[in-house]
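Read top to bottom, the protein sequences are chains S and G.
Using our numbering, the first residue of the first sequence is number 1196, and each one after it goes up by one.
Using our numbering, the first residue of the second sequence is number 595, and each one after it goes up by one.
Note that these hints are calculated values from the structure, not bench results.
Remember, predicted model here, so these are calculated numbers, not experimental data.
Errors might be hidden in some of the hints.
Unchecked claim - Okay, derived cross-link-like pairs now, DSS-like style, lysine-lysine, Cα gap no bigger than 27 Å in a straight line:
id	chain 1	residue 1	chain 2	residue 2
1	S	1216	G	681
2	S	1211	G	600
3	S	1397	G	786
4	S	1397	G	681
5	G	681	S	1413
6	G	786	S	1413
7	G	786	S	1352
8	S	1211	S	1352
9	G	681	S	1316
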Amino acid sequence: MAGSNPNAKPMNLTLKVWRQKNRTTQGQIVDYQVKDISPEMSFLEMLDVLNEDLLRRGDEPVAFDHDCREGICGSCNLFINGRAHGPEAGTTTCQLHMRKFSDGDTITIEPWRASAFPVNKDLSVDRSAFDRIIQAGGYVSVNTGGVPDGNEIPVPKDIADRAFEAATCIGCGACVAACKNASAMLFVSAKVSQLALLPQGKVERKTRVENMVAQMDKEGFGACSNIGSCAAECPVGISLENIAILNREFLSAKATSNNLA
Amino acid sequence: MSWISKTFSSSIGRKIIMSITGLFLCSFLVVHLIGNLQLFKDDGGQAFNVYSHFMGTNPIIRTVEWVLVLGFGFHIYESFVLTRRNKTARGNGYVTDHAEQNSPWQSRNMGLLGTIILIFLLVHLYNFFYRARFGELDPDINNNDDLYTLVATSFKQLWYVILYVAAQVALGYHLVHGFRSAFQTLGLNHRKYTPAIKFVGYAFSVLVAAGFASMPLYFYFFK
Chain S
1196 MAGSNPNAKP MNLTLKVWRQ KNRTTQGQIV DYQVKDISPE MSFLEMLDVL
1246 NEDLLRRGDE PVAFDHDCRE GICGSCNLFI NGRAHGPEAG TTTCQLHMRK
1296 FSDGDTITIE PWRASAFPVN KDLSVDRSAF DRIIQAGGYV SVNTGGVPDG
1346 NEIPVPKDIA DRAFEAATCI GCGACVAACK NASAMLFVSA KVSQLALLPQ
1396 GKVERKTRVE NMVAQMDKEG FGACSNIGSC AAECPVGISL ENIAILNREF
1446 LSAKATSNNL A
Chain G
595 MSWISKTFSS SIGRKIIMSI TGLFLCSFLV VHLIGNLQLF KDDGGQAFNV
645 YSHFMGTNPI IRTVEWVLVL GFGFHIYESF VLTRRNKTAR GNGYVTDHAE
695 QNSPWQSRNM GLLGTIILIF LLVHLYNFFY RARFGELDPD INNNDDLYTL
745 VATSFKQLWY VILYVAAQVA LGYHLVHGFR SAFQTLGLNH RKYTPAIKFV
795 GYAFSVLVAA GFASMPLYFY FFK
């Protein structure tokens, strides 16, 4: 089942896959062989082949998270050969292609590891902690009433660009997965700085950072120690500068907000 | 809990304490290194003993000494709290982890490097500080306590020189990460200044580590 490229030689691979029945059971690595994998397949398509094999044999397929398979949604989340989203920089798991591997390779596939991201089953983890952080403050209030003019609030181009860079965060959790401390600060900082940079985000500026950091701590994420693994593994290249912005926002909010609690 | 204690017990608050105490300890290293350069003066240790007598008796220095103790205390305490929290946050580790492909070794091993420095610090304090302050040292020709002779004889022992040099290597790596990391934690990351901070951090780490390591090596090989 080689792809459209006649020169693409199919590969045989050994997969070491984390299998875990549910949240409460202990998981373990299980070895599988997959055959005739086209180099043009995506990593997830390769797992689809594995799952079809497993289904044919009457075994339970491997659970893994995926949705758009276009690198936009942030659903896919595999720790491949000791790297978040695999060895290629700036790439989600779904955009990783099998041509990055060679015939005969052994590939280890694990779920994100963080206390705040409990494993649901096999490779699928519960990332609702991120949702709760967003609910704590990752929004802007929009007033009802007449539609304002599109250019009523001027935003300088370079500020808009920086806010957009931060906004490209897809919330996949690779930063948490790669961080030695399982810290969510790159994620939180992307959301905080995106909104802090824009005039629309000024209304909740102080309460936002206070509440989001409080929720982040409550969820049990670690504290950043400026290692930089997160930014190196981030599929969309969110930079560490955002964490500095988060720290600034947090410190100035704590020093000047009206919140005494 | 008041807003102040809440701020400094949050993850970012604890990092801020780490960074401020870290930078303060960096300033201590500068003073300590410059003062100790008098060990190289070829006067049988007279200048160094005058200096150590001043450092041990001046009321301002003795007061700042307690600030230094607090600086070390908070830096070490927060590192324990943060390390425990961070280990809990990871939970079950990875079967295969290639973190060496995405980050420098020293950045991931600040706790290990800090522990080496702490062990060194305890030995160092016992051998020099404790004996100078609470022990009986013979007077030199100016009737100052002769700390210089204690330094000179200590650094004639090979194991002692090895411990000191190894600890300075650990200190150097600790500073390579710690210096620039402190600025980042305080939010001082700017495309205009961060490259300079990084360069100064490297230069500072190398100079401090090499400066301190040169002292035991000088006494062992040239005295």
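query: Has the given pair, residue 1397 of chain S with residue 786 of chain G, been kept, meaning a C-alpha gap of at most 27 Å?
result: This hinted pair holds, its Cα atoms lying about 25 Å apart.
query: Given the hinted pair residue 1216 of chain S and residue 681 of chain G, is their alpha-carbon gap at most 27 Å?
result: Holds. Residue 1216 of chain S to residue 681 of chain G sits at ~24 Å (cutoff 27 Å).
Pairwise hint evaluation, residue 600 of chain G against residue 1211 of chain S, where the allowed Cα distance is 27 Å at most: Status violated; Cα separation ~44 Å.
query: Are the Cα positions of residue 786 of chain G and residue 1352 of chain S separated by 27 Å at most?
result: Holds: residue 786 of chain G and residue 1352 of chain S sit about 19 Å apart, inside 27 Å.
Pair hint residue 681 of chain G and residue 1316 of chain S, alpha-carbon separation not exceeding 27 Å: The hint holds at about 23 Å.
query: Within a Cα-Cα threshold of 27 Å, do residue 1397 of chain S and residue 681 of chain G meet the stated pairing?
result: violated (35 Å)
query: Are the Cα positions of residue 1211 of chain S and residue 1352 of chain S separated by 27 Å at most?
result: Given pair residue 1211 of chain S, residue 1352 of chain S is violated - Cα atoms ~47 Å apart, limit 27 Å.
- prompt: Taken at face value, is the distance from the CA of residue 1413 of chain S to the CA of residue 681 of chain G at most 27 Å?
  reply: With a Cα-Cα distance of about 15 Å, the restraint between residue 681 of chain G and residue 1413 of chain S holds, given a limit of 27 Å.
query: Does the alpha-carbon distance linking residue 786 of chain G and residue 1413 of chain S stay inside the 27 Å limit?
result: Violated, because 35 Å separates the two Cα atoms, which is more than 27 Å.
When the structure is compared with the earlier hints, violations turn up for hints 2, 4, 6 and 8 and for no others.
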